[in-house]
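Asks: All chains, please: the whole structure from these sequences, using the hints.
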Amino acid sequence: MEFTEISAPEFDLAMTLDSGQTFHWLAADEGFVGTIGETPIYIEQRGDQLRFAGGDEQLIRHYFALDHPLAKICASFPDDAAMSEARAFCRGLRIMRQPHWECLASFITSSMKQVAHIRQMSQALRRNFGERKEIAGREVFTFPAAARIAQCSEAELRRCALGYRAKNLLATARLAASGEAHLAAWSVLGDSGLRERLCALPGVGAKVANCVMLFAYERLSAFPIDVWIARVLRERYFPRRRKMTERQMRTFSDSYFGAHGGYAQQYLFHHARKTTARTVKRSRPRKTANEKQPRLSEVGS
DNA sequence: CTCCAGGGATGAT
DNA sequence: ATCATCCATGGA
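29 is the number of the first residue of the first sequence in the numbering used here; add one for each residue after it.
Some hints here could point you the wrong way.
[As the list claims (entries may be wrong)] As a list, the in silico DSSO-like pairs of lysine-lysine whose alpha-carbon atoms are at most 30 Å apart:
hint, residue 1, residue 2
1, LYS100, LYS302
2, LYS195, LYS161
3, LYS271, LYS235
4, LYS141, LYS302
5, LYS141, LYS195
6, LYS141, LYS161
7, LYS235, LYS302
8, LYS141, LYS271
9, LYS235, LYS141
10, LYS271, LYS302
11, LYS235, LYS195
12, LYS235, LYS100
Keep in mind the hints are simulated off the structure, nothing from the lab.
Since the structure is predicted, the reported quantities are computational estimates derived from the model, not experimental observations.
Replies: Right under this line is the structure:
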């Protein structure tokens, strides 16, 4: 195996891959295996050094955005308690540059799903419809192109545990495959124009559009508001307010977090998700078993 | 078992 | 314009 070694200061590979922006990298040996576009990659980190196989330096630097001026970006965050905690916790976390379609498709499937399950759906789509590759003695699968998904039936996609999301993924895949939705060409659009195009796609609303803008189009001010971020805004920024509407959160975040709001958002998201006590609710008194609901008679699978 | 998850589309106020 | 409901699935 041919390895290349490069310097990558101010970067935390494991945290970046675990921060809920990409969903397919798997732990392998001392590092991870996955794909960057069609290229299978093995990559590991030792201190400030990255060792990788399967791609070239330019591909790695671009995908992991090693050129982003992370210190300056972090210094641009607003100076408040929640942001300072997140910034300290997320040192080395970078916003990657993902392929347009792969990112869009992944976030269409993300609706009302935990990160762990989005990973599961991504793997299922790859294994069933992607191209098999080998790297570091392991098999990896590329994310299926829009044209390949467009050939699938809704039932095939549902077999990847997509549920109601299958219909949206299929419809958007057809638009992308036909060229009616030309994702690459949209790179030249301004933020509002790009957001408008994305939101016109089936299964894409403001939240998914902002994720795709941030993670695939390098729009670093895009600020996705999911249930975690909404909770952070309510609890850390407006603890007195009785209720905050989507509109109020949007107005605040767009004006408060600045030109790199997307980075700030990702730091707040990752910090909240990794530190919020996930303790099972305190021994809630349980109903005794004699009130058990009558079960439907067993149905065949 | 219950609760919840990187929401969106639709129809009713 | 805001609000309620439904949509599937599996981890915790």
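Asks: Look at each hint and say if it fits the structure.
Replies: Do the hints match the structure? See the list:
A threshold of 30 Å between alpha carbons decides the hint, and for LYS100 with LYS302 the separation of about 24 Å falls inside it, so the pair holds. Among the hinted pairs, LYS195 with LYS161 is consistent with the structure: their alpha-carbon atoms are about 28 Å apart, no more than 30 Å. At most 30 Å may separate the alpha-carbon atoms for a hinted pair to count; LYS271 and LYS235 meet this at roughly 19 Å. Using a Cα cut-off of 30 Å, the hinted pair LYS141 and LYS302 holds, with the two alpha carbons roughly 16 Å apart.
For the proposed pair LYS141 and LYS195, the alpha carbon gap of about 16 Å is at most 30 Å, so the pair holds. Using a Cα cut-off of 30 Å, the hinted pair LYS141 and LYS161 holds, with the two alpha carbons roughly 28 Å apart. With a C-alpha separation of about 21 Å, the suggested pair LYS235 and LYS302 falls inside the 30 Å cut-off, and the hint holds. Between LYS141 and LYS271 the alpha-carbon distance is near 24 Å, which keeps this suggested pair within the 30 Å criterion.
Restraint check for LYS235 and LYS141: the C-alpha separation of about 13 Å stays at or below 30 Å, so the hint holds. Simply put, LYS271 and LYS302 have alpha-carbon atoms about 25 Å apart, close enough for the 30 Å limit, and the pair holds. With a C-alpha separation of about 19 Å, the suggested pairing of LYS235 with LYS195 holds against the 30 Å cut-off. Of the pairs offered as hints, the one joining LYS235 and LYS100 holds, with about 26 Å between alpha carbons and a cut-off of 30 Å not exceeded.
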